[in-house]
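Q: Please build the complex by placing chain W on the supplied structure of chain X, with the hints as guidance.
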Amino acid sequence: MKSEEPLRRWRDADGTHIDVRGLPAPEPLVTILSLVRQVDEATRVIVHHDRDPQLLHVELAEIGWRAERIAGAPGEVRLCITRAP
Amino acid sequence: MKLAAGAFLGGAKSRLLPASVPFRFFGAAVVFHLLAWIAALRAAADWPGFAGGLGWPLAALHLVTLGVLAMTAIGASLQLLPVATRQPIRRVRGPALVWWLYAPGVAALALGMGTGAPALLAVGGGGVGAGLLLYAGLLAANLLGARGMPGIVAHGWAALAALVVVLVTAASLVATYLGMPLLDRRAALALHVAFAGYGFMGLLALGLAYLLVPMFALAPAPDARLQLVSWGSAVIALCCAGAAALGVLPVALRVVAIGAGAIATGLHLALMRRALCAGMRKDLGVSFALVRTGWTGLVVSLLAALGVALDAPVPGLPLLFGLLLVGVWLLSFVLGILQRILPFLASMHAAVGKHRPPTPSSFTRRRPLVLHFACHLSALAAMALAIVTASPLLAELAAAAGTIGALAYAAFFATLVRRLAAPVRPSALPAKA
Numbered sequence: 713m714k715s716e717e718p719l720r721r722w723r724d725a726d727g728t729h730i731d732v733r734g735l736p737a738p739e740p741l742v743t744i745l746s747l748v749r750q751v752d753e754a755t756r757v758i759v760h761h762d763r764d765p766q767l768l769h770v771e772l773a774e775i776g777w778r779a780e781r782i783a784g785a786p787g788e789v790r791l792c793i794t795r796a797p
Numbered sequence: 423m424k425l426a427a428g429a430f431l432g433g434a435k436s437r438l439l440p441a442s443v444p445f446r447f448f449g450a451a452v453v454f455h456l457l458a459w460i461a462a463l464r465a466a467a468d469w470p471g472f473a474g475g476l477g478w479p480l481a482a483l484h485l486v487t488l489g490v491l492a493m494t495a496i497g498a499s500l501q502l503l504p505v506a507t508r509q510p511i512r513r514v515r516g517p518a519l520v521w522w523l524y525a526p527g528v529a530a531l532a533l534g535m536g537t538g539a540p541a542l543l544a545v546g547g548g549g550v551g552a553g554l555l556l557y558a559g560l561l562a563a564n565l566l567g568a569r570g571m572p573g574i575v576a577h578g579w580a581a582l583a584a585l586v587v588v589l590v591t592a593a594s595l596v597a598t599y600l601g602m603p604l605l606d607r608r609a610a611l612a613l614h615v616a617f618a619g620y621g622f623m624g625l626l627a628l629g630l631a632y633l634l635v636p637m638f639a640l641a642p643a644p645d646a647r648l649q650l651v652s653w654g655s656a657v658i659a660l661c662c663a664g665a666a667a668l669g670v671l672p673v674a675l676r677v678v679a680i681g682a683g684a685i686a687t688g689l690h691l692a693l694m695r696r697a698l699c700a701g702m703r704k705d706l707g708v709s710f711a712l713v714r715t716g717w718t719g720l721v722v723s724l725l726a727a728l729g730v731a732l733d734a735p736v737p738g739l740p741l742l743f744g745l746l747l748v749g750v751w752l753l754s755f756v757l758g759i760l761q762r763i764l765p766f767l768a769s770m771h772a773a774v775g776k777h778r779p780p781t782p783s784s785f786t787r788r789r790p791l792v793l794h795f796a797c798h799l800s801a802l803a804a805m806a807l808a809i810v811t812a813s814p815l816l817a818e819l820a821a822a823a824g825t826i827g828a829l830a831y832a833a834f835f836a837t838l839v840r841r842l843a844a845p846v847r848p849s850a851l852p853a854k855a
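Line order of the protein sequences matches chains X and W.
One rule links them: number in my numbering = place in the first sequence (from 1) + 712.
One rule links them: number in my numbering = place in the second sequence (from 1) + 422.
Chain W extracted, bound-state conformation:
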């Protein structure tokens, strides 16, 4: 006896958030991506000498980290973890409220940084902090009820712990601008960079990759024991980096942290390589060219971190390290994964109530993605050169290329949303045998 397709898909929908929830996070990430490059363009003259402090370079950096990276990670984890950990969606209002607190908070925070307005910075920081705390509660509830997938769950818990450090140090840094420092600024900054880049975002990226990469490549799940060994090395690395930031054997512990981070990275990449080699789907398109760029950035960022720790005589090395960590590793990886998630998610939502779901490929436009990839790589390369040569002109060209790439990515997203909202056309359905 056959059951109605609608009944089955109705059940399937129980683990899907309403489309408006994940898509508002992903849409905001696409918009903040564009704003980040525009802010970088406005700050072109300041990039080569940037060493922190309020201004448009700091605003551009946080439009990327909070606006693109964390925004995408929140949307993806709220949607994907219930699927991975076999739990129904229990709360819809919570994720929506996270967005309403977080997205305006990011905008206000970036504006406060860019215009040098500490009050606006504090208001935006309050929204961002409240949104992230609520998200942390939702993520913890999901992880507490998780069944199986110990590697992914362990990464989730460690990312949450790192998020606590990021929020405390962020609050301290904002308070410094209000004239009420809570922690030593140098220590707070070192903790903030390590626990935001490699901790919260890095661990979420590594953990979700154990689910997403085999899923996209159609490969078996990576060895759970090796996932946990990689996770353990990453946690040791963060603990050492944290102790070093607080002044405990700063050089020695930084080197140990980088060594442990290298072991974690090596194991992770070996598992990823194994999954890609074993996968039934070999052509993963331009999205995985971005993902591979990100993985390369992760490895090179550790080398740059070693150079910074040992005070290597390379011009602009701390800034280069930041570019490698945020731009090359995390931004490339997240944009690559996002352009793969979006068509699948759109197809799953479009399938509800239909006998034959539209294919993910029917939601994708390849040309804007190829243009984005070329612009993204050009922008990162030019920005690295601008830092090394201290050239504002190169920084301006880099930001211009990044802006064009971000516009192309936005065109891809707009097409996908338009096709999702439109009635299914016969051409969107799978070909007949």
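Excised from the complex, chain X in its bound form:
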């Protein structure tokens, strides 16, 4: 069962989810990086996005994290962000 939190963030069995769809640039980037800085290194962050976040990969690389696309709802870009091995 999902536990809804403000700012469209919730925890689920597969990790901490954040929905940044509809936010203007650079809010998605800032919101995701802010969350990544808050969670511990073992946590998976699942991002629900409406477009390809090009800069996110570059910013994640700078802090030793990475994002991979996973299956999501139609029209959604869903990413799984983990600490880079």
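I should point out that these hints are in silico values taken from the structure, not numbers from a laboratory.
Using N, Cα and C, we set each Cβ at its ideal position, and we do this for glycine too.
Take these hints with a grain of salt, some might be off.
[Stated by the list, open to error] Just so you have them, the derived chain X footprint on chain W, three or more residues with Cβ under 8 Å:
id : stretch
1  : 632 to 641
2  : 761 to 773
[What the hints assert, rightly or not] Listed below are several chain X residues computed to face chain W (Cβ distance under 10 Å; list not exhaustive):
id : residue
3  : Leu741
4  : Val742
5  : Thr743
6  : Leu767
7  : His769
[Said to hold, decoys possible] Beta-carbon label-pair distances, calculated as ranges:
id : chain 1 : residue 1 : chain 2 : residue 2 : range
8  : W       : Gly688    : X       : Arg720    : 31 to 37 Å
9  : W       : Pro440    : X       : Ala725    : 39 to 45 Å
10 : W       : Arg695    : X       : Cys792    : 35 to 41 Å
11 : W       : Met702    : X       : Pro786    : 29 to 35 Å
12 : W       : Gly559    : X       : Gly787    : 26 to 32 Å
13 : W       : Arg695    : X       : Ala754    : 33 to 39 Å
14 : X       : Ala785    : W       : Leu566    : 25 to 31 Å
15 : X       : Asp752    : W       : Gly654    : 43 to 49 Å
16 : W       : Pro572    : X       : Asp752    : 35 to 41 Å
17 : X       : Arg723    : W       : Ser783    : 30 to 36 Å
18 : W       : Ala812    : X       : Gly734    : 56 to 62 Å
19 : W       : Leu725    : X       : Ala754    : 54 to 60 Å
A: Structure of chain W alone, referenced to chain X:
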């Protein structure tokens, strides 16, 4: 289920122009930056008394405005606006054609100005005009399809309108040298300076800053309503300056224009300050030292403009105003932003097809950028002093410092391109946890 990283990055690439397109604009800007300081060095004896007309001072000025400022703005806006306004890249040939028309045009125009050859000036002006018109069409198409970001889009439309004024007045000024004046030269010149410096380039710089500064500082987007209030004040300022240039209440409307410009600037800088304070990334390095220098130049340029409007008894004030507007505000800002954009863009292109993208910092060399910053500031300060004291020697020293700085900036760019072209080394990858 995980998808292949390449598939994701392939999608990401749809909003990236091929690397060769933006990098040819940025590379040309780096080369023209160096040529501008070399032309300034050649014109050192003429700087203190420069009041317009063909010659190397005019060539140096246009190598900066067209060769560095507009060249960078074109490359940056063609690449960044589709990302900001959530549109795929539809046209690749158009941006490439802009470069092929525009870059040789700038070179011919500057050579025509420097050598006092009106025919070459006209040929170069034709290339520059054609390139800018094509760019205007591409920018308009992008703005028409934009979703969200009303502040940035409004700045884009106003910059386009200003560009029309700049092109018409430029055509008139070139025609004057061919013996076929279209507009009164004094009015055309006043319109050209205001609408090129504060209009086209200024509005693009302010508008793109609402995207770029929060992006680099990792801060929330600035308040869109305040962006629009600042934009409205800037547009009122330009309209008043335009009317004054055409002879309508020249002193009074110039003062009103400067007042409205000051409101626009104050609001913009307050939004920028808020973004920098709220940002997660506090250390923005030497690039933002340049950006802050630029912002200071913007404020002081308005004070100098007021002095010019009120005919204040300061030696060389009109020339000082030009230095503050073009050199301190726009050139510092653009070079600061460019040195921040380049590593990010290189990293995004290098990421395609790779599981772990190389970091932006792996493309940057700090030492040349620090040297450039020191030389840039020294050159501007010495040039200001040269103007006030009417000293050709100081102007020569200023241009020499600027040339060294431009060489250092070119070394930074060359290293970045070399690293982008080379296979990714393990040291370029992010450190393991």
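Q: Lying within 35 to 41 Å: is that true of the beta-carbon distance W/Pro572 to X/Asp752?
A: Since W/Pro572 and X/Asp752 have Cβ atoms about 39 Å apart, the given range 35 to 41 Å holds.
Q: Quick check on the hint: X/Val742 CB to chain W CB, less than 10 Å?
A: Where the cut-off is 10 Å and the nearest Cβ of chain W is about 5 Å from X/Val742, the hint holds.
Q: Indicate whether the distance between the beta carbons of W/Ala812 and X/Gly734 respects the range 56 to 62 Å.
A: 59 Å, holds
Q: Have a go at the X/Leu741 hint: is there a Cβ in chain W nearer than 10 Å to its own Cβ?
A: Hint holds; X/Leu741 Cβ to chain W Cβ min 7 Å, cut 10 Å.
Q: Please verify that hint: X/Leu767, Cβ, nearest Cβ of chain W, below 10 Å or not.
A: 7 Å, holds
Q: Is it true that X/Ala785 and W/Leu566 lie within 25 to 31 Å of each other by Cβ?
A: Holds - the Cβ-Cβ distance for X/Ala785 and W/Leu566, about 30 Å, lies within 25 to 31 Å.
Q: Taking 31 to 37 Å as the hint, is the beta-carbon distance of W/Gly688 and X/Arg720 inside that range?
A: Given range 31 to 37 Å: holds, Cβ gap about 35 Å.
Q: If you check the beta carbons of W/Met702 and X/Pro786, does the distance land in 29 to 35 Å?
A: 33 Å, holds
Q: Against the range 33 to 39 Å, how does the distance between the Cβ atoms of W/Arg695 and X/Ala754 compare: consistent or not?
A: 37 Å, holds
Q: Would you check whether X/His769 satisfies its interface hint, that is, whether its CB is within less than 10 Å of any CB in chain W?
A: 5 Å, holds
Q: Just to be sure I understand the hint, the distance between the Cβ atoms of X/Asp752 and W/Gly654 should be within 43 to 49 Å; is that true here?
A: Given range 43 to 49 Å: holds, Cβ gap about 47 Å.
Q: Mind taking a look at whether chain X covers the stretch 632 to 641 of chain W? Criterion is 3 or more residues with CB to CB distance under 8 Å.
A: holds (count 5)
Of the numbered hints stated above, none is contradicted by the structure.
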